[in-house]
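Chain by chain, the residues:
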Amino acid sequence: MTNVLELKGITKRFPGVLANDKIDITLREGKILALLGENGAGKTTLMNILYGLYKPDEGSISVRGQEVDIHSPNDAILQGIGMVHQHFMLVPVMTVTENVMLGIEPTKNGIFLDKEKVANRIREISDQYGLEVDPNAYIKDLPVGIQQRVEIIKVLYRQANILILDEPTAVLTPQEVEGLFKIIDTLIKSGKSIIFITHKLKEVLAVADDITVLRLGKVVGSIDPKEATSKKLAVMMVGRDVNLVVDKKPASPAEPVLVVENLYVRDERQNLTVQGVSFDVRKGEVLGIAGVQGNGQTELVYALTGLLPLEEGTIRLLNEPILRTTPRNILERGVAHIPEDRQRHGLILSFPIHDNLMLCTYYKKPFANGVSLQEKIIYSNAEDLVEQFDVRTPNIYVNAGTLSGGNQQKVIVAREFSRPIEVLIASQPTRGLDVGSIEYIHKQIIKKRDEGTGVLVVSSELDEILSLSDRIAVMYKGQIMGILEAKTATKEQLGLLMAGVHLAETTQS
Amino acid sequence: MKKTDTPSQPPETRTARENQRDSIWQALLVPVLAVVTGLLLGGVVILASGANPLEAYGALFTGSFGKPANLIAGLGILFSTGENAALIKAIYPFTESLVIATPYIFAGLSVAIGFRCGLFNIGAEGQFFIGALCSAFVGYSLKGLPMIVHLPLAIMGGALGGALWGMIPGYLKARFGAHEVVNTIMMNWIAFRLSDWLLSGPMKASGFRPVTPNVLATAELPRFFSAPLRFNLGFFIALLAAYLVYWFLFKTTLGFEIRAVGANPDAAKYAGMNIIRNFVLVMALAGALAGLAGTAQVLGVDHWVGQGFSAGYGFDAIAIALLGKSHPAGVVMAALLFGFLRGGATNMQSMAGIPIDIISIIQGLVIVFIAAPGIIRWIYRIRAIKTETTVLTRGWGS
Amino acid sequence: MKKIYFVSALLIIASMVLAACGGSAAPAAGGIKVGQVTDLGGIDDKSFNATAYAGIEQAVAELGVEGKYLESTQQADYNKNIQQFLDEDTDLIVTVGFLLGVDTAVAAKANPGTNFAIVDYAYPDCFGTDFVEGQTCGSATELSNVLGLVFAIDQAGFLAGYAAAASTETGKVATFGGINIPPVAAFMIGYEAGVNYYNAQKGTSVEVLGWDTAANAGSFTGNFDSLDDGRSFAESFVQEGADIVMPVAGPVGLGSAAYCQETGSCKIIGVDTDWTVSSPEYTDIILTSVLKNMNVAVYDAIKAQVDGTFAGGVYVGTIANGGVGLADVAGASAELKAELEAIREALGNGSLTVQ
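Chains as they are written, first to last, in my numbering: chain A, 6 to 514; chain B, 71 to 468; chain C, -6 to 348.
Honestly, the hints are just simulated from the structure, not real lab data.
Even for Gly, the Cβ is constructed at its ideal location relative to N, Cα and C.
Wrong hints could be hidden among the right ones.
Claimed, not checked - Label-pair ranges, simulated between beta-carbon atoms: (1) C:Pro105 with B:Gly120: 34 to 42 Å; (2) B:Arg245 with A:Lys187: 14 to 22 Å; (3) B:Arg347 with C:Thr134: 57 to 65 Å; (4) B:Arg347 with A:Arg321: 27 to 35 Å; (5) B:Arg347 with A:Thr31: 30 to 38 Å; (6) B:Ala248 with C:Gly196: 28 to 36 Å; (7) C:Gln128 with B:Tyr313: 32 to 40 Å; (8) A:Glu337 with B:Lys321: 57 to 65 Å; (9) B:Thr322 with A:Ala259: 16 to 24 Å; (10) C:Thr256 with B:Ser296: 54 to 62 Å; (11) B:Ala248 with A:Glu273: 16 to 24 Å; (12) A:Glu388 with B:Arg245: 17 to 25 Å.
Unchecked claim - Chain A residues, not near chain B, derived (Cβ > 10 Å throughout): (13) Ser77; (14) Lys122; (15) Lys231; (16) Asp252; (17) Asn267; (18) Leu277; (19) Leu328; (20) Leu336; (21) Glu380.
Build out the structure end to end from the sequences listed, making use of the hints.
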């Protein structure tokens, strides 16, 4: 058994940050190494170094015992290293074949592109590794799981034998995850070696041969999967004991506060991405919306909060229809919104924390008197909220952009919870957060529910949906496939719904 | 908090005041070094041209501030004989620099307020012309009014004309998504050609010269000294405008909205702000400020408008806004710098035999260093720290 | 090391920029100081600022005076630049262009010990009741320390019109101006008169486009800086059938010249200076140039200053005193040359007038 890849003493500094601190990792031939760590632990930096996108300040990389210099992705490919990025690097309007040949176009007679040759090679690769895909299909017509296959084929086409998979399950349904694991198995059997980057503990335990855990840019340790448990791994990742289950009392739902009927929404590209959605959220309950990313959840939330116009349908709040769905009108009616993309919508990163804490109410008393901003009140409000919501910051005058993701999210939660609200819409509320912050945000959401707020949680993390929700709606291609009681719903059932199977069929099986 | 400020110090022990002071220091450091570097390189250019940089900069200094010896002598004569002619001559260069700085302050504020909202107002030059023409028109056509009425009317005329000129591209952007850079440039050309036409016809003074009539004395900004000093009330109005812009941007809800829209339009929309309305408002305000630059020039200095009325104030204003980091205080300082550079240029041109273009080169170098602070940080090995980044404009896609 | 490369690269760029800008006047011996204040065209306008300064340079070389110039970049600079020369005790201040008319008169009145010469302008310039002395016009009386330098350019324009009429193949010749003001219109009045004279002499009917003396109206670009206007005016004249164009609008004419050169459809008559010298790249399409010899007038004013014979008033440059003239006509027949010579003589001795 040889080591195909060894990284020794890799150190990478960014201004003010030590992203990688003397990291050693080893990948054995024909094995799967899971690289586990929270967001910001340095996983992505390390892989970008390996792939030639960053230059390490210190340390060495050896491939099959041979020390190598990797200055660019081309060097990495020459060394047989291939990377499947978390965000696919595919051109939607091109075919599978065209995407695979991008950058290394083979030609006939030096002029004409030889697509047929590439297509044949893709078919060979498909057969060999069980990666079924039509070389002539357009990327935009393929489901996410198949797009990922194309990415893997791209890497194999370039004759990689060391594959880096960066958070490959983030965009997949549970069934698709199973499919991916089968592919990984085939790859290993044919002699490839794989680095699997993730922050999901269960997946690590399912597939890894070796586990290395990173925290704050350092290797915390390596562990044999046979001895590892979720609990142990979580402690290694976070550095302290964590509670992986959300404690909550049974809900006591009352009358509906938010009623959505027959909603149709177009996204910014004018595609009809929400097609006839109806549901209600009752006072004192959490309705979870599950689904694979990109099935209309984002546009649904945007429409409910006024960021996108309604194509058709009605939204009623406390039995009153909302006629003018502008963001201001909706938020003044008592809807709080924790947006999916906190840096795009939720915060102004170049503004100080105290301004972000009054972003939605700056024009009202007590923050404004006429047009004049009341700085003293703005500051004292910020001091109070920072303390109350445990935002870790040197002071309230620093820019929101200097905070960690978890603290940024706390600022948003503090702001949204500090005004009187009837409905809370939380979209991907813990995406990219560390375990400690996830725990905190979950607690706050349940606390709001118990105070009698109607809560709508949208998440593509099935575990999050299951632990927070009282009822679960599953969205697929812009429609709601079914609404289940959380108590009786199973992961398998939800997975089938997420893949577009109708509710009746799932209960039959 | 001097050099003991090392990164290892835990941030929790820093107070808000210290943070603020550090960030102000950081904000000042790069522009100041950019100016110094621009002057140094300009000196090398002067040397390369065969002149003596020390002599040249000496002439630049005395041309922009005056000779200290003359000032002392002038004061002496004033106290001993009561004669103020020598003193007036001594302070002439300094006041002249302030006179030049006045339109720079207004125009710089115009571009800066646009930047704050993420808009690039290249149209300040056109707005400057329109403001000047409107003020001139009110200034010469309304007769028989007392100064207390006439002067404010003439000033308002310039502000309104500029506001209208700025609002048009603002509205086109808000309504049709037309990019303000293209539209403000087009509006510049319309303004230039419109003024050509107005000066050769409708607004032409009697006689053959294609210039407007002189504004009446009741519409002139009062001067504080006798001729040839042209230092006038406009300078103080400019300072007041800078303060008002500061107050508006940082102390009012409207300014908060403008800055939010500029810093992150998506978040501004999320917070319920009306982005489109802000675009129109800001372009109107920017236009009004640039118009006031023209107003200050015509009512305070020239008293009439002819072809080539502006020396490119509206374009230099972009550099001033950048140099001043789009902050009103920074704009005032940058405008004063440009005023002194331009004010001293005449003397430098005459005494050291250096073309006036050298000043443009120095300005250009300063702008390069401001626009690419990385160069300055690299030359002086300044470590970049995370400070507030002012969003200037967003790309074409926005 | 890298830093040194960077700095030297900047230096090279800077020195190239500088070389393009050109230097200022060289210091000279002699007690007399002469300073020129340009208008907005700048010292290298290839037009009257440059021509006037040529006169100063000649005086520096031949009379040993000290000469320099200050460029104006905006109208507020006129006053400031004059003030700068006054502070330096300059003996003779040459100002260029009618836009400096008021500032020059005001400064001359306040400083009777300093002499001034102003190109293309003269005093008194206050007529009627509309004017306020020192504000909308310079002076109601002649100033003893200001010499106005004006030119009977219509005489030279007359020659140009005659030459154009003799050279056209289409029977149509054109002209346009920057702004309809007397110093510009004078070229065009002479031009039209010259064409008419040719028609009367030869019994032809060559037509003039772009100017009508009787109506005091014609084609004007409205500015003195848009080369694009120069192009489009030339283009439309060619479309109307003209094959010779005289642009009286400073650098605007260069746009017309470029159009003529590219299309080969027209010839240009230059103005102010000999364009085959100032813009030699267009020599092949330049028919001739109407010369306004400001350099001669400025030189003469300096010489008077040096000789101690400077007197205020008005100098009028004419065909007779060589203040205006016509450059060689490209491809002129011996016959045309003789005819032009005869007209020149007649205009000079007054037996022929431009009417």
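Cross-check of the supplied hints:
1. C:Pro105 with B:Gly120: 34 to 42 Å: 38 Å Cβ-Cβ, so the 34 to 42 Å window holds.
2. B:Arg245 with A:Lys187: 14 to 22 Å: Check failed, 55 Å falls outside 14 to 22 Å.
3. B:Arg347 with C:Thr134: 57 to 65 Å: holds, 60 Å
4. B:Arg347 with A:Arg321: 27 to 35 Å: Given range 27 to 35 Å: holds, Cβ gap about 28 Å.
5. B:Arg347 with A:Thr31: 30 to 38 Å: Given a distance of about 60 Å, which is not inside 30 to 38 Å, the answer is violated.
6. B:Ala248 with C:Gly196: 28 to 36 Å: violated, 59 Å
7. C:Gln128 with B:Tyr313: 32 to 40 Å: holds, 34 Å
8. A:Glu337 with B:Lys321: 57 to 65 Å: At 24 Å between Cβs, range violated.
9. B:Thr322 with A:Ala259: 16 to 24 Å: violated, 42 Å
10. C:Thr256 with B:Ser296: 54 to 62 Å: Holds: the Cβ-Cβ distance is about 58 Å, inside 54 to 62 Å.
11. B:Ala248 with A:Glu273: 16 to 24 Å: holds, 19 Å
12. A:Glu388 with B:Arg245: 17 to 25 Å: violated, 42 Å
13. Ser77: holds, 23 Å
14. Lys122: Answer for A:Lys122: holds, closest chain B Cβ roughly 37 Å.
15. Lys231: holds, 41 Å
16. Asp252: holds, 31 Å
17. Asn267: holds, 25 Å
18. Leu277: holds, 22 Å
19. Leu328: The claim holds: A:Leu328 sits with its nearest Cβ about 16 Å from chain B, beyond 10 Å.
20. Leu336: violated, 6 Å
21. Glu380: violated, 8 Å
The structure shown violates the earlier hints numbered 2, 5, 6, 8, 9, 12, 20 and 21.
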